[in-house]
Amino acid sequence: MGKLLKKSAANDFFRSLQKKGSLYAPVSTDMVRFQHIKTPEALRSIDFDGHAFFPPKKYLLPNEEELFTIKQGKLQDTNQSLPPQFVVNVRLCDLNAIAILDKLYLDPDYPDPYYKAKRDATTFIGINCKREIDEYCFCGSMDLQRAYDLLLDDRGEHYYIDVRSDKGMALVKELPDAPEQQDPTLPKTSKVLDQKDLHQFFADKWWEGDNELCVSCQRCTALCPTCFCFDVKDDMDLNLQDGKRLRTIDSCHSADFTTVAGDHTFRSSRLQRYRHRVMHKLQYYKDTFERSMCTGCGRCIRYCHSKIDFVKTINEDFK
Amino acid sequence: MSNYFEHTPVEILAKTWESPDTVTFRVNWQPKHDPGQFIEISIPGVGESPISFCSWNPTYCEFNVRVVGNVTKAISKLEPGDTMHVRGPYGKGYPMDYFKNNHLLFIGGGCGVAPLKGIIEYVQHHRKHFKDVDLYFGYRSRDDILFKHLLEHWEKEFFLHVTIDKDAGDFHYSCPVGFVTQAVQEADIPPDNKIVFLCGPPVMMEKTMPLLLDKGFHEDQIWVSAERHMKCCTGKCGHCMINGKYVCKDGPVFRYDEIKGVTE
Chain A
1 MGKLLKKSAA NDFFRSLQKK GSLYAPVSTD MVRFQHIKTP EALRSIDFDG
51 HAFFPPKKYL LPNEEELFTI KQGKLQDTNQ SLPPQFVVNV RLCDLNAIAI
101 LDKLYLDPDY PDPYYKAKRD ATTFIGINCK REIDEYCFCG SMDLQRAYDL
151 LLDDRGEHYY IDVRSDKGMA LVKELPDAPE QQDPTLPKTS KVLDQKDLHQ
201 FFADKWWEGD NELCVSCQRC TALCPTCFCF DVKDDMDLNL QDGKRLRTID
251 SCHSADFTTV AGDHTFRSSR LQRYRHRVMH KLQYYKDTFE RSMCTGCGRC
301 IRYCHSKIDF VKTINEDFK
Chain B
320 MSNYFEHTPV EILAKTWESP DTVTFRVNWQ PKHDPGQFIE ISIPGVGESP
370 ISFCSWNPTY CEFNVRVVGN VTKAISKLEP GDTMHVRGPY GKGYPMDYFK
420 NNHLLFIGGG CGVAPLKGII EYVQHHRKHF KDVDLYFGYR SRDDILFKHL
470 LEHWEKEFFL HVTIDKDAGD FHYSCPVGFV TQAVQEADIP PDNKIVFLCG
520 PPVMMEKTMP LLLDKGFHED QIWVSAERHM KCCTGKCGHC MINGKYVCKD
570 GPVFRYDEIK GVTE
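Chains as they are written, first to last, in my numbering: chain A, 1 to 319; chain B, 320 to 583.
It should be emphasised that the hints constitute simulated quantities derived from the structure, not laboratory data. Just so you know, even glycine gets a beta-carbon here, dropped at the ideal spot from N, CA and C. Don't take each hint at face value.
30 Å max Cα-Cα, derived DSS-like pairs, lysine-lysine [claimed, not checked]: (1) B:K526 x A:K116; (2) A:K71 x B:K334; (3) A:K205 x B:K411; (4) B:K579 x A:K196; (5) B:K564 x A:K103; (6) B:K411 x A:K233; (7) A:K74 x B:K334; (8) B:K396 x A:K71; (9) B:K396 x A:K116; (10) A:K286 x B:K411; (11) B:K564 x A:K233; (12) B:K351 x A:K233; (13) A:K116 x B:K579; (14) B:K396 x A:K74.
Sample of chain A residues at the chain B side, in silico, Cβ under 7 Å [as the list claims (entries may be wrong)]: (15) M31; (16) V32; (17) F230; (18) D235; (19) L238; (20) A261; (21) G262; (22) R267; (23) L271.
When you get a sec, could you build the whole thing from the sequences and use the hints?
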């Protein structure tokens, strides 16, 4: 099902979302980043071309989140009702990342109530890439799905809006129907990752070359749209009676990530930690869910201090 | 939707110091659980710690806690009558039905004996389903021996072998000095119809495994329990993942052939 949105009327559409809830969109400042678009005037600053530095996962998994309030040494529930929020101009790689997080956090055995409350309140509206953003994108090889409510596709004077859910349809029902359904063409990239079974390369020496460059700065895990690991800790006031139990983002690159009581660390070397992250992204998740956890957004390569390019290593050296 | 981070307050019925740094709590809680599963004990303001069941009893639960960090230290300060906050049970326990009509061999080291005690109590409650039971437990010194008050009962009912690494401590119990691995190596243990439960420090498990395989045990006769610091217990926080397996969800109990060759 498709709808048409005149490019000149795009801001009116975003204005209608602004009236329904909070609007977040990429804005190009020193870098492209998702920001709260509070006023009608700010709509003009919305960016349609760039790739956000930080992925939009922060709207579902904030860096720090309160699980409970601690009052007089007792845990108390925190209020979880949230107003609707709309995150617009999200790239397909990041939309697929949200679908991957959904699989983990809305697992029917143990659905995560904090994530679900945010997920239910949030609508992600995508924008299709006309071409690859830069030479680091490799989403074309990562089997991206049409996992979104709405996706804007540039068709000259119009945006063709691809509608994939009732939640999405409710937002665009007043827009004119597109004369015929034309599924947006998913982006192609010149950089591709060869799909290989990485289990057989687990003990290879090729990991060491990249690992020598890695400084465990954790930038890749912070910028990855699907990195979801967290820590739980209690943050107390000075009276040690009141405070909060927090969930904070964590990184498998951190040296104490696998430390257990008695100071034993299971992944004590940087090589083990680097390999674990790449294996988790490209292989372990695939073993269970039949698709890679990586969506090819390229952030971990684009912004790596040491210019580590695991795609190149896997393509060229793993044989 | 229920919140898996939420705790159940339970009353502490009894507290026993097993060794200078290890304490057992008996709590008034009757969750349905299998031996080998674990829970999170929470002290608001300090944090949470994953602890395994060390009992199998329809009327109460016991948890054995070694004081090694902030949370376990705070737990150890609780007294009978106090409230303990728990959530769980989590993970896959030992599939006890699957072991029926077999001989059982328990090999435990240090506080790795605690989860094994849960299986032993299960076996005591279902004694006719299981054949001979051998217990091989190793501790650092005489004072570190856990569940001292049960040694007498276990000696009567099972074949009990206790070793201590060094001959020190005040507790009087006659047992050979040496590693538990030596005791296993020297013992004549036929592998037929036998299930092995192995739990202890990583180095002990690594040393014991080749000994068992040498004695003719198959990999699918050996069950191990893995240790990790789980933060969520539901396969989300990522802390307990080894080679794509979540210790909290897929374990903590594994059949050896399932995790053989798993490296970090």
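With a cut-off of 30 Å on the C-alpha distance, tell me whether B:K396 and A:K116 pass.
Violated, at roughly 36 Å.
For the pair we were handed, A:K71 and B:K334, check the Cα-Cα distance against 30 Å.
holds (27 Å)
Hinted contact A:L271 with chain B - closest CB pair below 7 Å:
The hint is violated - A:L271 has no Cβ within 7 Å of chain B, the shortest such distance being about 10 Å.
How about A:M31: closest beta carbon in chain B under 7 Å, or not?
violated (27 Å)
CA of B:K564 to CA of A:K233, is that 30 Å or under?
Distance ~24 Å between B:K564 and A:K233 Cα, so the pair holds.
Next pair to validate is B:K351 with A:K233; report whether the Cα-Cα distance is within 30 Å.
Status holds; Cα separation ~28 Å.
Between A:K116 and B:K579, does the CA-CA distance stay at or below 30 Å?
With Cα atoms ~36 Å apart, A:K116 and B:K579 exceed 30 Å; violated.
Decide if the proposed pair is consistent with the structure: B:K411 and A:K233, CA atoms, cutoff 30 Å inclusive.
Given that 30 Å is the threshold and the Cα spacing comes to 25 Å, the pair holds.
Within 30 Å, alpha carbon to alpha carbon, are B:K396 and A:K71?
holds (20 Å)
Holds or violated: is there a CB of chain B closer than 7 Å to the CB of A:D235?
Violated, about 9 Å.
With a cut-off of 30 Å on the C-alpha distance, tell me whether B:K579 and A:K196 pass.
Holds, at roughly 23 Å.
Hint check: A:K286 vs B:K411, CA-CA at most 30 Å. Holds or violated?
Holds - the C-alpha atoms of B:K411 and A:K286 are around 22 Å apart, at most 30 Å.
In this structure, the hints that do not hold are numbers 1, 3, 9, 13, 15, 16, 18, 19, 23, in rising order.
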